[in-house]
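Trainee: Use the sequences and the hints to build the structure in full.
Residue numbers for the sequence shown follow the UniProt record's numbering, beginning at 1 and rising by one.
The set of hints was computed from the structure by calculation and includes no laboratory data. Note that this is a predicted model, so its numbers are computed, not measured. Think of the CB as a built atom: it goes at the ideal place given N, C-alpha and C, for glycine as much as any other residue. Certain hints may be false.
[Claimed, not checked] Label-pair restraints from in silico Cβ distances:
| hint | residue 1 | residue 2 | range |
| --- | --- | --- | --- |
| 1 | Pro47 | Tyr25 | 17 to 23 Å |
| 2 | Val14 | Lys76 | 41 to 47 Å |
| 3 | Ala96 | Ser12 | 45 to 51 Å |
| 4 | Val55 | Leu147 | 17 to 23 Å |
[Said to hold, decoys possible] DSBU-like, lysine-lysine: derived pairs with alpha carbons at most 35 Å apart:
| hint | residue 1 | residue 2 |
| --- | --- | --- |
| 5 | Lys127 | Lys84 |
| 6 | Lys76 | Lys93 |
| 7 | Lys76 | Lys127 |
| 8 | Lys127 | Lys93 |
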Amino acid sequence: MNDITATLLTYSPVTLFFAVILLSYLLEDLAIVTASVAASQGVMSVPIALAAIFVGIATGDIGLYALGLWSRRWRKLRGILLTKPSVRMIRRKLRAHAFGNLFLIRFVPGLRFVGFCLSGFFRVGLKPFLSAVLVATALWTALVFVLVYQLGEIEWINRHLSWGLIPVVVLLLIAVNRAAGSKLKEKAICTD
Numbered sequence: 001m002n003d004i005t006a007t008l009l010t011y012s013p014v015t016l017f018f019a020v021i022l023l024s025y026l027l028e029d030l031a032i033v034t035a036s037v038a039a040s041q042g043v044m045s046v047p048i049a050l051a052a053i054f055v056g057i058a059t060g061d062i063g064l065y066a067l068g069l070w071s072r073r074w075r076k077l078r079g080i081l082l083t084k085p086s087v088r089m090i091r092r093k094l095r096a097h098a099f100g101n102l103f104l105i106r107f108v109p110g111l112r113f114v115g116f117c118l119s120g121f122f123r124v125g126l127k128p129f130l131s132a133v134l135v136a137t138a139l140w141t142a143l144v145f146v147l148v149y150q151l152g153e154i155e156w157i158n159r160h161l162s163w164g165l166i167p168v169v170v171l172l173l174i175a176v177n178r179a180a181g182s183k184l185k186e187k188a189i190c191t192d
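Mentor: Here you go:
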């Protein structure tokens, strides 16, 4: 058992649960990777780690929706956004194909903040918003968590890398997200 694992074992599961939630508000991928490494090291149970990640990401996304809804209070902002033709087009697309667009927004780097805030601002239905966000969050969280957890279970990695796996996987996720995001943006430009 290494020093990090021994130190983390002194914290209660409730403290670790809320620490992962707070970390997910800052960097979601880092929270997923950290929780899965913690679970593979026996610091957290798998159900608690998964629940913390899911609660953190889902409440963060709902918070962005609420921020957009709250921002409607400013008349000047409403006037600026609702009179621009490009913004009206985005509004129509978000409302017409809410589930599909919000599902994709979840996976494209740089669109989540704007997309989810605009969903609240444009009053996209809460039901399609929540269903898209919860399904996309569950898929992404499960995929990354299981892959990192499986890596953490490999004896050689567990013995030599353990917690050093976190920065390696996070950098890999950032690179994959950027590459996928640029491909999706190129595709969107070509279809317009």
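Trainee: Lys76 and Lys93: Cα distance at most 35 Å?
Mentor: holds, 23 Å
Trainee: Range hint 17 to 23 Å: satisfied by the CB atoms of Val55 and Leu147?
Mentor: holds, 21 Å
Trainee: Can you tell me whether the CB distance of Pro47 to Tyr25 sits inside 17 to 23 Å?
Mentor: holds, 21 Å
Trainee: Keeping to a limit of 35 Å between CA atoms, is the pair of Lys76 and Lys127 held or broken?
Mentor: holds, 28 Å
Trainee: Cβ-Cβ distance between Ala96 and Ser12: within 45 to 51 Å?
Mentor: With a Cβ separation near 47 Å, Ala96 and Ser12 satisfy 45 to 51 Å, so the hint holds.
Trainee: Is it true that the CA of Lys127 sits at most 35 Å from the CA of Lys93?
Mentor: Cα-Cα ~16 Å, so holds.
Trainee: Starting from Lys127, check that the Cα of Lys84 is at most 35 Å away, please.
Mentor: holds, 27 Å
Trainee: Lying within 41 to 47 Å: is that true of the beta-carbon distance Val14 to Lys76?
Mentor: holds, 44 Å
Of the numbered hints stated above, none is contradicted by the structure.
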